[in-house]
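Starting from the structure of chain A, add chain B where the hints point.
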Amino acid sequence: MKIDIHAHTKKCKSGDAPTREITPEDFCETLMATDVGIIAITNHNVFDREQYKDIQGRIGEDAQVWPGIELDVLEDGVRGHLLVIVSPNGVDEFSKAVDEFTKTSTPDNFTTSIDQLIENFDSFKPLYVAHYKQKTPNLSDDVLVKLTSETLNPGRVIKEVTNSISAGIYISHGHPSIYGSDIHDWSTYKEQAHDLPDLRLPVESFEHFCLLLEKDPTTINTILDKKIGEDLLLTPFEDATCIKLKVFNDINIVFGPKGTGKSCILEAIAKHYSDNGMEANVYVPASDRLDDIFDIKGRDLSLNLNPLGINYCKDEIEALREASEANVTSFSQYVTYFRTKTTNKNAKKIKLKDIEPEDEGAAKRGFDDFHEATEKTDEFLVFLKEHSAIGKELSDTELSELTNKMSDLLKRLRKREWDNYSSWKEIGLLNSAIAKLRTEVERKTGSPAKPTTTGFREYALNRTKIEMNAAAIMKSVDTEIPMLKEAVGSLGTDKGLLELGTEFRFQNGTISDGSLDKLKSIKKNSQKTFARTVRKIHKHANKNDLFKHITDLNAIEDVERIETVYELLLFKRYFALDGPYSPSSGEASMVMLNKELEADKEVYILDEPERSLDNEYINDVIVPLIKERARAGKKIFISTHDANIAVRTLPYSSVYRCHGPGGYSTHIGNPFSNNLVNPDDEADRLDWKKVSMRTLEGGEKAFGERGKIYGNN
Amino acid sequence: MARKHLESEVKFMETIKATVTEHDDMHFITIDTGETDKISIPISEDKPNEVKSAFNKLITLIKDREFQIGLEEVGPDLFSQVANEYITQLNREIQEVREEMKVYGLVGD
Numbered sequence: 001m002k003i004d005i006h007a008h009t010k011k012c013k014s015g016d017a018p019t020r021e022i023t024p025e026d027f028c029e030t031l032m033a034t035d036v037g038i039i040a041i042t043n044h045n046v047f048d049r050e051q052y053k054d055i056q057g058r059i060g061e062d063a064q065v066w067p068g069i070e071l072d073v074l075e076d077g078v079r080g081h082l083l084v085i086v087s088p089n090g091v092d093e094f095s096k097a098v099d100e101f102t103k104t105s106t107p108d109n110f111t112t113s114i115d116q117l118i119e120n121f122d123s124f125k126p127l128y129v130a131h132y133k134q135k136t137p138n139l140s141d142d143v144l145v146k147l148t149s150e151t152l153n154p155g156r157v158i159k160e161v162t163n164s165i166s167a168g169i170y171i172s173h174g175h176p177s178i179y180g181s182d183i184h185d186w187s188t189y190k191e192q193a194h195d196l197p198d199l200r201l202p203v204e205s206f207e208h209f210c211l212l213l214e215k216d217p218t219t220i221n222t223i224l225d226k227k228i229g230e231d232l233l234l235t236p237f238e239d240a241t242c243i244k245l246k247v248f249n250d251i252n253i254v255f256g257p258k259g260t261g262k263s264c265i266l267e268a269i270a271k272h273y274s275d276n277g278m279e280a281n282v283y284v285p286a287s288d289r290l291d292d293i294f295d296i297k298g299r300d301l302s303l304n305l306n307p308l309g310i311n312y313c314k315d316e317i318e319a320l321r322e323a324s325e326a327n328v329t330s331f332s333q334y335v336t337y338f339r340t341k342t343t344n345k346n347a348k349k350i351k352l353k354d355i356e357p358e359d360e361g362a363a364k365r366g367f368d369d370f371h372e373a374t375e376k377t378d379e380f381l382v383f384l385k386e387h388s389a390i391g392k393e394l395s396d397t398e399l400s401e402l403t404n405k406m407s408d409l410l411k412r413l414r415k416r417e418w419d420n421y422s423s424w425k426e427i428g429l430l431n432s433a434i435a436k437l438r439t440e441v442e443r444k445t446g447s448p449a450k451p452t453t454t455g456f457r458e459y460a461l462n463r464t465k466i467e468m469n470a471a472a473i474m475k476s477v478d479t480e481i482p483m484l485k486e487a488v489g490s491l492g493t494d495k496g497l498l499e500l501g502t503e504f505r506f507q508n509g510t511i512s513d514g515s516l517d518k519l520k521s522i523k524k525n526s527q528k529t530f531a532r533t534v535r536k537i538h539k540h541a542n543k544n545d546l547f548k549h550i551t552d553l554n555a556i557e558d559v560e561r562i563e564t565v566y567e568l569l570l571f572k573r574y575f576a577l578d579g580p581y582s583p584s585s586g587e588a589s590m591v592m593l594n595k596e597l598e599a600d601k602e603v604y605i606l607d608e609p610e611r612s613l614d615n616e617y618i619n620d621v622i623v624p625l626i627k628e629r630a631r632a633g634k635k636i637f638i639s640t641h642d643a644n645i646a647v648r649t650l651p652y653s654s655v656y657r658c659h660g661p662g663g664y665s666t667h668i669g670n671p672f673s674n675n676l677v678n679p680d681d682e683a684d685r686l687d688w689k690k691v692s693m694r695t696l697e698g699g700e701k702a703f704g705e706r707g708k709i710y711g712n713n
Numbered sequence: 001m002a003r004k005h006l007e008s009e010v011k012f013m014e015t016i017k018a019t020v021t022e023h024d025d026m027h028f029i030t031i032d033t034g035e036t037d038k039i040s041i042p043i044s045e046d047k048p049n050e051v052k053s054a055f056n057k058l059i060t061l062i063k064d065r066e067f068q069i070g071l072e073e074v075g076p077d078l079f080s081q082v083a084n085e086y087i088t089q090l091n092r093e094i095q096e097v098r099e100e101m102k103v104y105g106l107v108g109d
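If you read the protein sequences in the order shown, they are chains A and B. Quick note: the first sequence uses the working numbering, first residue 1, plus one each step. Quick note: the second sequence uses the working numbering, first residue 1, plus one each step.
Next comes chain A alone, as it looks inside the complex (with noise of 0.2 Å):
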């Protein structure tokens, strides 16, 4: 959820942009578009209540619109300007102490001074919000200080400044600062919202904002007891000391100076999950290991080609194997038939050893026609009557009409599938009858019997189903593998998503690209002769030196280990950005880092997640990534030395280990209170902001460098 403490419904100075005006209809619609969750109106001298009550009544619970206004302040002959922000719950009130206070102005001349101001708004105990330094016009330290000694309610005083660095800058200095979008176009707030700042704890009212503001112990505490947490007892050193750590789902940080234990406590935060049954592991970044965690050398890598419609080919590669030539009938057999032609009388009265065979093939493909659509009509009535959407959709009557032609169509089919079988049946045994009479015949005459066949049938066939399965492996290599791409990690704004690219190709007897590797441990050269042979078959199919290819393959080294087309994969795995690409020790860690945090888990263990990463990339991309996993429930602890994750983070948990004269201890609290506790020894007290700049790096040496470019010294 996000805050505005600084917005305009209208244009009430001369110099104000038009574009300030929103009518209350507006206001709340634009207002629900983004995430902002509270808002002040704050307009320059003037607090319009009825505009005010209609924006309240029509946004209801959806938010929360905090009443203010925008003061001219003049002091020692200087004009500033502060917001005044009062609780909803005095409205009226303030409404009328602001019509009161203004009625002998216009707001285009209305001043104030801190007195007055005092005198008029102190009794509301209201939020202070000073445009400060490079937001003018803007209210000096003195003014401030004067106003901070006079009002009741101190730690209510803040400083507006222009932006997120700003306020990062001058918070890390000890000025309490926050900044408000002071919109003057209406038309592009959506977009300003995106820049607000987070409320990073959940504030239910204007009271309790200020009780955070102050710090408020009871405050804090009462928020940090509703989320979910729990009390962690670990024993992460050797001499079995014992440390209890409050941790939450939610960020919770491991810092301090190196050689302090804290990977030893982020070990022992794993142990504790792991041994309930939760995965948990430590991230260590490694960018040496990318390769391995990508599997860039494809060790573990597979395929199914089912998905991509590309046939295995077992059966068709075995049964080129183990393919031989069908014998044709010899023509001594004719000769002799035709030399010898029975005189026997009793063998002339047999007359169904001359009939011709017939074909059977016809009559089988007649009934597997029948046969097939038989059975797909049989299985299409069970699933008209089983599943349970055509029930939803066809009325009984209509389900009934479908069934009854379904069943009328299937008892039709039966019918042919039957007659048809019966034929090829017939024509079986009528063959099988002429064949045994012929050899009867020529067993008891002595004459030999006419042959049957002159072989041609078989062979034919038998060279078509080479062709056939060579064809059909053929087919499968030819085909293209689309190139498979996986994100691996963004490697920041300029250069884009980092991928890992696999490319995939068959063995096809043409590749001799030496970048591919062999996806089975089949020889390339086997490989590639495999594929080769498999074209020779094909094209020789039809000639007389068929079989010499077949032996060809057989001799083939390992051939017998190249069972399927799958044998002859070969692949390219590569990263990739526009094309290939290697990414450096500090990219890779980058990449390795968004991995880790975008798994799907409930416990993220990460030991200085920040070595070789760049600022830029921890703001931009690690610090969100962390945020969105916590927003999100999951329990996130991070041992780190970086100011960026630490404090930009704002953890809901912060556990400081260090080591002093009496050895080492560990500190346990958070920002909000802004206080580290020694759970040993209660008085033992520090200051969480002052530890966090000085231990991390990039604190206090990097907020100073900032702040003097800044103007604050």
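Hints are computed from structural coordinates only; laboratory data are not their basis. In this text, a Cβ means the ideal position worked out from N, Cα and C, and glycines have one as well. Treat the hints with care, since some could be wrong.
Simulated coverage check for chain B against chain A, where a stretch passes if three residues somewhere in it have a Cβ under 8 Å from a Cβ of chain A [unchecked claim]:
#, region
1, 12-23
2, 40-49
3, 59-71
4, 93-107
Example chain A residues on the side facing chain B (calculated, C-beta under 7 Å, incomplete) [said to hold, decoys possible]:
#, residue
5, 288
6, 328
7, 333
8, 335
9, 456
10, 457
11, 460
12, 544
13, 547
Just chain B now, kept in the frame of chain A:
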């Protein structure tokens, strides 16, 4: 339309001429496919490889066109009788093979 349809269904199957030839006391069935290389099948002795070679040519021919073999000048001599019987059986088997090939999509209509 019906008449036209009927006419279009009438197909005349091509008949390829075959003869029994004799050369050096050897008898052959010689099939003239119309191409330079005639198909020759030795029938007076068993030479299976030459028969297979002839069959290979016939398979190639079957893929190209539908045909039957017609033996010319069938005499009463032994080899004419053998050739006549052989070609009768071969024609039947050629038709069966062509039908099978049609199912596999290996021949055109």
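field: Hint check against the structure, violated hint numbers in rising order
entry: 1, 5, 7, 13
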